[in-house]
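A.B. asks: Construct the complete structure from the given sequences, taking the supplied hints into account.
Protein chains: 2
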Amino acid sequence: MPSPAKLSAKPARKASRKSLARATARSFSIEVKPTRGSAELLLAATASLLSERPDMAASFRDIEKRSGLNSALIKYYFGNKEGLLMALLERDAKLEMDALRHLVATAGLSAAEKLRIHITGILNAFYKSPYLNSLIHHMIDNASERSRKLLKKVYIDPMVEAYRQIVAQGVAEGAFRSVNAEMLYCSLVGSCDYLFSSASIVPQMLNEARITEELKQRYIAHVVDMTLFGMRK
Amino acid sequence: MPSPAKLSAKPARKASRKSLARATARSFSIEVKPTRGSAELLLAATASLLSERPDMAASFRDIEKRSGLNSALIKYYFGNKEGLLMALLERDAKLEMDALRHLVATAGLSAAEKLRIHITGILNAFYKSPYLNSLIHHMIDNASERSRKLLKKVYIDPMVEAYRQIVAQGVAEGAFRSVNAEMLYCSLVGSCDYLFSSASIVPQMLNEARITEELKQRYIAHVVDMTLFGMRK
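Protein chains in written order, with this note's numbering: chain A, 1 to 233; chain B, 1001 to 1233.
Please keep in mind that the hints were generated in silico from the structure rather than gathered at the bench.
It is possible that part of the hints are untrue.
[Said to hold, decoys possible] Facing chain B, from chain A, some residues (calculated, C-beta under 7 Å): (1) 109; (2) 140; (3) 186; (4) 187; (5) 190; (6) 193; (7) 195; (8) 201; (9) 202; (10) 229.
[To be verified] The calculated BS3-like cross-link candidates involving lysine-lysine, where the alpha carbons are at most 30 Å apart (straight line), are: (11) 114(A) to 128(A); (12) 216(A) to 128(A); (13) 216(A) to 1149(B); (14) 128(A) to 1149(B); (15) 114(A) to 216(A); (16) 233(A) to 1216(B); (17) 233(A) to 1233(B); (18) 1152(B) to 128(A); (19) 1114(B) to 233(A); (20) 81(A) to 94(A); (21) 1216(B) to 153(A); (22) 216(A) to 94(A).
[What the hints assert, rightly or not] Far from chain A by the CB rule (all over 10 Å, computed), these chain B residues: (23) 1037; (24) 1052; (25) 1057; (26) 1067; (27) 1068; (28) 1070; (29) 1128; (30) 1164; (31) 1165; (32) 1171; (33) 1175; (34) 1190; (35) 1214; (36) 1218.
Heads up, the beta-carbon is just placed ideally off N, CA and C, and yes, glycines get one too.
C.D. replies: Take a look at the structure:
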């Protein structure tokens, strides 16, 4: 099976790029012209479709329509659907993790302030990109061992490392208890996740038709308080 | 569609119990003899199967084999697979919620102590009954509106009500901040849920092959501390 494509959107099989493109084009009886930016466009079209379909049911045909590009290019760049979805996760992870690394390295911010900004960021990301959370769950449940390892590498490991550094800073500031970073990842991401992964039942419980901006803001304040008070020394 | 059966394991359509039994027996060309306890046996067989298959893929045929009862009885008692799964959730919810109501009503226990016992109980239940968490997710994602409402009624509403009472007690004791019960439900159950719903990736992150008793104990201590410190006044 082709390896999941990297964020740089290199073709799925570097070594045989041209031959694969030709073979793919032949098998689809169409002209495939990989151009600069077409991988990014396929990812953007997929993200757009998944935002409307949280069941991850976007087909190659749907992506072809939305992007205006021939779906044979998906095979060319990403190998298969799993490769495409992993590339989308990697694209989004890179943005989030770059921001997180920057936040952790920022001088003049307390550990508590960093954690507050980070929690706000997670919940805003899940709210803005409704597909993100479902996609992570979908990949954890259905992806190959290889993709799961990649998911751990691009999402989980950087977050756990950030938590380790923020906790160490907070302990040094005399503000935080020494909390295990992996355990903190699990409880905090679990809290953030639940509002969205159970989106079909939580708003009903809260007597809302859907997750509104106001509900999200109230939840941010709640999770920030629970976490920061929970870590207090 | 027949309504999901109640815990008391009354037949799916009370009014036409005999005629339904006869019709079901005819359509399966077998003798169906509902006997005292056979509904409970079907639920126990389903729970046993689901513990081995977290994808909820237990078929009527599997349940027939495991229970030694004819699968036509499933239709008789529970209407269909959704009715059967909801009846199983109701059975388990009744046990958990009776214990929770008892805990909340216990005199001489502080609110903090009640919350500690409750959190330990949730994580132990998910650990002991691996199907429970998957089944709740499966029903939230796939069940009819009617079953989702029932799930809210038997699981979520009693827990939120218990949290409301525990928070009120803790505030009266001068120990807790006033925390919204629905928000607490979402963040706390989310934290408990995450270790198990992402079972395929979290142990890997923690460098464990699976969720061990020791890992569960460490996580209980972590979630209890985060929650109780998080609620401190």
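A.B. asks: Of the hints given before, which are not true for this structure?
C.D. replies: Violated: hints 1, 34 and 36.
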